[in-house]
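2 protein chains.
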Amino acid sequence: MRNIKITIEYDGKRYLGWQRLGDSDKTIQGRIEAVLTQITGEKIEIIGSGRTDAGTHARGQVANFKTDSPLTSDKLLNQLNHYLPWDIIVKKVEEVPERFHARYNATGKQYSYYVWNNPIPSAFERYYSHHISQKLDITKMNSACRMLEGTHDFLGFSSLKKSKKTTVRTIKAITITSEGDLLQFKFEGEGFLYNMVRIMMGTILEIGAGTLEANIIDDVFMSKTRKNAGMTVPAQGLFLDCVEYK
Amino acid sequence: MRNIKITIEYDGKRYLGWQRLGDSDKTIQGRIEAVLTQITGEKIEIIGSGRTDAGTHARGQVANFKTDSPLTSDKLLNQLNHYLPWDIIVKKVEEVPERFHARYNATGKQYSYYVWNNPIPSAFERYYSHHISQKLDITKMNSACRMLEGTHDFLGFSSLKKSKKTTVRTIKAITITSEGDLLQFKFEGEGFLYNMVRIMMGTILEIGAGTLEANIIDDVFMSKTRKNAGMTVPAQGLFLDCVEYK
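Protein sequence lines, in the order shown, are assigned to chains Z and X. When the letters of the first sequence are read in order and numbered with the numbering used here, they come out as residues 1 to 246. When the letters of the second sequence are read in order and numbered with the numbering used here, they come out as residues 1001 to 1246.
It cannot be assumed that every hint is accurate.
Claimed, not checked - With the Cβ distance kept under 7 angstroms, some of the chain X side facing chain Z (calculated, not the full set):
#1 LEU1084
#2 TRP1086
#3 LYS1091
#4 GLU1094
#5 ALA1123
#6 GLU1125
What the hints assert, rightly or not - Here are some of the chain Z residues that sit facing chain X, going by a computed Cβ distance under 7 angstroms:
#7 GLU9
#8 ILE47
#9 GLY50
#10 PRO119
Claimed, not checked - Think about it this way: if two alpha-carbon atoms lie no more than 25 angstroms apart in a straight line, the pair counts; the simulated DSS-like pairs of lysine-lysine are:
#11 LYS1135/X <-> LYS92/Z
#12 LYS1135/X <-> LYS135/Z
#13 LYS75/Z <-> LYS92/Z
For the record, the hints were derived by calculation from the structure and aren't laboratory data. Even glycine gets a Cβ: it sits at the ideal position worked out from N, Cα and C.
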């Protein structure tokens, strides 16, 4: 059987998230599988690099699937984009070795989180950022980013209750850039726990707003207690930028 | 009576354009007037700097209205944004001299038009740009911009049949910038005729695609004939950036 890797961009606004939910046509995975089944005549299941939550967007989600279809990669790309809704776009289709697995083989991921930092909301950023009226302190937030970078046990920065598997993760870099009132927080790491970006982000923002002190980060690393960290920020500001493979 | 100037940002996607149409709640002007009437208890009519078409966006549309309301500018701003839908945002409210008129006093306008130039569409730019698959020649388009700049009779680059008033206009600059596959065409001028930006843009794009020669621009200036110019590009790529006043 052939193994096909696809790179996907989607606007998550209208969807319940990546993961298929029964027959719902409101999930990204479900939509792509339905079109693949239609194109190939086979019952196809795709494996994503990971889930994204309802409302979260992707510029470079990756998935793979097995098929006996003789359609070329170019033909698959065209057919997918022909039948998929306008807010789910397949950017690339590649034939990969049989052993390639979009989730197990991922060696890194990059997410971006956007914040609209102005007392007046934006008509364009409503579904693509989190609106914060209060002026945020960039210096304090940068210090918080430095504390979060590196290798730590991130259990307290996740929605996991407990985990049999390790909750130690390595964050390569968290960088803040701004374009006018729109702040972009870029998270690069080998892997992230469930809700980890949204909880780190909530903590960084509360430090920037002055409602939490930066030393809370060490507290959370030590106590491994979710409730000590900041809020979980809304999903709509989050973008999965890309997934890396060796 | 007080004279109030407002600066407005809107996502035109869900609307039939700026201009009020009977009782429709699908126009920007109609929506703002309805809210102002609700806030002030007066029947209020607003004067925009000019119309925008269905689907066209604005980052800095300007309008003014007369009122006896004692509400401060800050209060008006808050109340407007409280009652307006999320995709119409009032960015600024200012009290201005009685003689200020948003249309007659405008001394300049800036529009931007966006083109997504990649064979594969974008999930995010669908309603905010015009999608062109074919690679565009930036050098040729820049030459076309140079020919359009300056003072000319733009009748042939408009949807006007004839005009008793002058159709001579001055374009200060047309500049092209790119961010990845997204091209931004910025038009700065003292004023524009009906559909003038969209027809100039269609002409520039056809020159960039090689289906029209650059000398067509002189032809259109000389012949003043709309049909010699390029297509009228779709409204959704167009943004009214700002309106200038002395």
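Each hint, compared with the structure:
About 10 angstroms separates the beta-carbon of LEU1084/X from the nearest beta-carbon of chain Z, more than 7 angstroms, and the hint is not met. Checking TRP1086/X against chain Z by beta carbon gives a least distance of about 5 angstroms; that is within 7 angstroms, so the hint holds. Here the hint on LYS1091/X is kept, as its CB sits about 6 angstroms from the closest CB of chain Z, short of 7 angstroms. For GLU1094/X, the interface hint is violated, the least distance from its beta-carbon to any beta-carbon of chain Z being 14 angstroms, above 7 angstroms.
Evaluation of the ALA1123/X hint against chain Z yields a held restraint, the C-beta minimum of about 5 angstroms falling below 7 angstroms. Interface hint status for GLU1125/X: violated, as the beta-carbon distance to the closest one in chain Z is roughly 10 angstroms, over 7 angstroms. The restraint placing GLU9/Z at the interface with chain X holds, with a minimum CB-CB distance near 5 angstroms, inside the 7 angstroms limit. With a least beta-carbon distance of about 21 angstroms to chain X, the hint placing ILE47/Z at the interface is violated under the 7 angstroms criterion.
At a threshold of 7 angstroms, the smallest CB-CB gap from GLY50/Z to chain X is about 19 angstroms, leaving the interface hint violated. About 10 angstroms separates the beta-carbon of PRO119/Z from the nearest beta-carbon of chain X, more than 7 angstroms, and the hint is not met. For the hint linking LYS1135/X to LYS92/Z, the alpha-carbon distance of about 18 angstroms falls within 25 angstroms, and the restraint holds. Straight-line distance between C-alpha atoms of LYS1135/X and LYS135/Z comes to about 42 angstroms, which puts the hinted pair past the 25 angstroms bound.
Restraint check for LYS75/Z and LYS92/Z: satisfied, since their Cα atoms lie roughly 11 angstroms apart, inside the 25 angstroms limit.
Taken one by one, the earlier hints fail for this structure at numbers 1, 4, 6, 8, 9, 10 and 12, listed in ascending order.
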